[in-house]
Every structure is written in C-alpha cells, then in structure tokens.
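Trainee: First to last, the protein sequences are chains A and B. Those letters in the first sequence? Residues 1 to 112, per our numbering, in order. Those letters in the second sequence? Residues 1 to 114, per our numbering, in order.
By construction, these hints were calculated from the structure, which means they are not laboratory data. Computed from a predicted structure; not experimentally measured. All C-beta atoms, glycine included, are put in the ideal place defined by N, C-alpha and C. Check each hint, because a few of them may be wrong.
Stated by the list, open to error - The list that follows gives simulated cross-link-like pairs (lysine to aspartate or glutamate, EDC-like), each with its CA atoms no further than 16 Å apart:
{"id": "1", "chain 1": "A", "residue 1": "K57", "chain 2": "B", "residue 2": "D101"}
{"id": "2", "chain 1": "B", "residue 1": "K3", "chain 2": "A", "residue 2": "D59"}
{"id": "3", "chain 1": "B", "residue 1": "K3", "chain 2": "B", "residue 2": "D29"}
{"id": "4", "chain 1": "B", "residue 1": "K38", "chain 2": "B", "residue 2": "E10"}
As the list claims (entries may be wrong) - Quick list of the computed label-pair ranges, beta carbon to beta carbon:
{"id": "5", "chain 1": "B", "residue 1": "V13", "chain 2": "A", "residue 2": "G16", "range": "31 to 39 Å"}
{"id": "6", "chain 1": "B", "residue 1": "K70", "chain 2": "A", "residue 2": "T5", "range": "31 to 39 Å"}
{"id": "7", "chain 1": "A", "residue 1": "D59", "chain 2": "B", "residue 2": "T31", "range": "17 to 25 Å"}
{"id": "8", "chain 1": "A", "residue 1": "K57", "chain 2": "B", "residue 2": "V14", "range": "42 to 50 Å"}
{"id": "9", "chain 1": "A", "residue 1": "P8", "chain 2": "B", "residue 2": "A1", "range": "43 to 51 Å"}
{"id": "10", "chain 1": "A", "residue 1": "G40", "chain 2": "B", "residue 2": "V46", "range": "17 to 25 Å"}
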Amino acid sequence: EAQVTQNPRYLITVTGKKLTVTCSQNMNHEYMSWYRQDPGLGLRQIYYSMNVEVTDKGDVPEGYKVSRKEKRNFPLILESPSPNQTSLYFCASSFHRVYGYTFGSGTRLTVV
Amino acid sequence: AQKVTQAQTEISVVEKEDVTLDCVYETRDTTYYLFWYKQPPSGELVFLIRRNSFDEQNEISGRYSWNFQKSTSSFNFTITASQVVDSAVYFCALSAEVNNDMRFGAGTRLTVKP
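With the rest of the complex left out, here is chain A (with noise of 0.2 Å):
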C-alpha cells in the first residue's frame, strides 16, 4: 500500500529534550516536506526536500532540522524542543509538489 509513515503518532517530551520524528514513503516520491498545523493558522510548511541531499527552509523553520539522506526517509528533528513546538505535525511526499502531497497520519507533539 502507497503511503507516507510517520512515528509516533503521539509524543509527551520535556523542554530541552532532543527528539527526532521519523518519516518514510514508499512510492518513490522526489518532494517531501514536514508542516505544522495549529488552531487558526493552518498548516505551516517547515522544511521541504526536493531531493536526496536538496532541503530548504519553509516558512517556520526555526528551531527544527532535517535530512535527506535517502530518497524515502526525511527525520524532523528538535534538537533543543520548547513549549511552542506543541503542535500536529504532518510528514507529506509528491512525486512532484505540483500534484499535491500525499500525508502521513501526523505526529501530535507536546513540550512540557
């Protein structure tokens, strides 16, 4: 089954805890990219990859980091997590941004 698979789907974590979430597709898909979503904002695009090696920042970018290192997984990571990262989180892939993504089930983020 095409899909795009992020773990965990929830995570309770203290301040100043490095985390990573994972994420993984399986339909070879070149685009990936990682949003938040919060109340009345909508989904906010963090980081997007075009490639193995290709990312570049969305539109929050801050205090996250990604990678690329094969074509089907692109870990978000929080190296030093705060309180507003409190967030969903949705992982997305595309074969080409243009066709839309196809999402993973989201991951439900909260610093204490």
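Using the hints provided, position chain B relative to the given structure of chain A.
Mentor: For chain B alone, kept in the frame of chain A given last:
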C-alpha cells in the same frame, strides 16, 4: 508572495443543505496550482482536487463541485446535499511553479448536523 485566505472559520449546516466554502488566493506567478484537502475528525489529510492556473473549467465530482475564477482569484468548493460525513476541516492550498512553497489557508471547519 503567496497567500491563501479562507475567510470562513466555521460553518454549520443541516443535512441536505448546500454549502460553499470560499478560497481566495494571491500570487504573482502566472503558472500555479490550487488544491483542496479534507481533514475529517480522525485527523488525516485527504487530497480532494488539483487545478492548474490554465484550466478554468469548473469540476464536478458527485456531490462536490469546484468553481475556479481567475478574475476574482477564487477557488470555491461547493458541497451539494451535505451529509453528516462531510463534517471536517477543509483546507485550500496554493503552489506555484517557480516557488517551492505550498501554502495552505487557515481552514474552514464544516459541521453538518443531522
């Protein structure tokens, strides 16, 4: 810069009513793509439709229809004879050829009451 505005934060209708969700966009690019996504209460994001800037034909898919008007920079979504299962948050999004950012609106929460 690109911008998507969904002015309706929440809409509530009774089953079988028709409802239109508004989407207004801004872009300087001549080639761009517009999308609608649905987010049901379960939380996943479901792709509904994609439209490119050169195709202003309206589209109908069952009870769903989309009205794209470049003159008013709008891409509105109409649900005919709404059903309880249509209750969800609906997002409009814009992606331009020369800009790699796909920008979403804030979303419209639709509640369909039985």
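Trainee: Hint says 43 to 51 Å; check whether the CB-CB distance for A/P8 and B/A1 agrees.
Mentor: For B/A1 against A/P8, whose Cβ atoms are near 35 Å apart, the range 43 to 51 Å is violated.
Trainee: Could one say that the CB atoms of B/K70 and A/T5 fall in the range 31 to 39 Å?
Mentor: holds (38 Å)
Trainee: Is it true that A/D59 and B/T31 lie within 17 to 25 Å of each other by Cβ?
Mentor: holds (21 Å)
Trainee: Is it true that the CA of B/K3 sits at most 16 Å from the CA of A/D59?
Mentor: holds (12 Å)
Trainee: Compare the distance between the alpha carbons of B/K3 and B/D29 with 16 Å, and conclude whether the hinted pair is satisfied.
Mentor: holds (12 Å)
Trainee: Falls inside 31 to 39 Å, the C-beta gap from B/V13 to A/G16?
Mentor: violated (46 Å)
Trainee: Is the hinted range of 42 to 50 Å satisfied by the C-beta distance from A/K57 to B/V14?
Mentor: Since the Cβ atoms of A/K57 and B/V14 sit about 44 Å apart, the hinted range of 42 to 50 Å holds.
Trainee: Lying within 17 to 25 Å: is that true of the beta-carbon distance A/G40 to B/V46?
Mentor: holds (21 Å)
Trainee: Does the structure keep B/K38 and B/E10 at a Cα separation of 16 Å or less?
Mentor: Holds. B/K38 to B/E10 sits at ~14 Å (cutoff 16 Å).
Trainee: Does the structure keep A/K57 and B/D101 at a Cα separation of 16 Å or less?
Mentor: holds (9 Å)
Against the hints set out earlier in the document, violations occur for numbers 5, 9.
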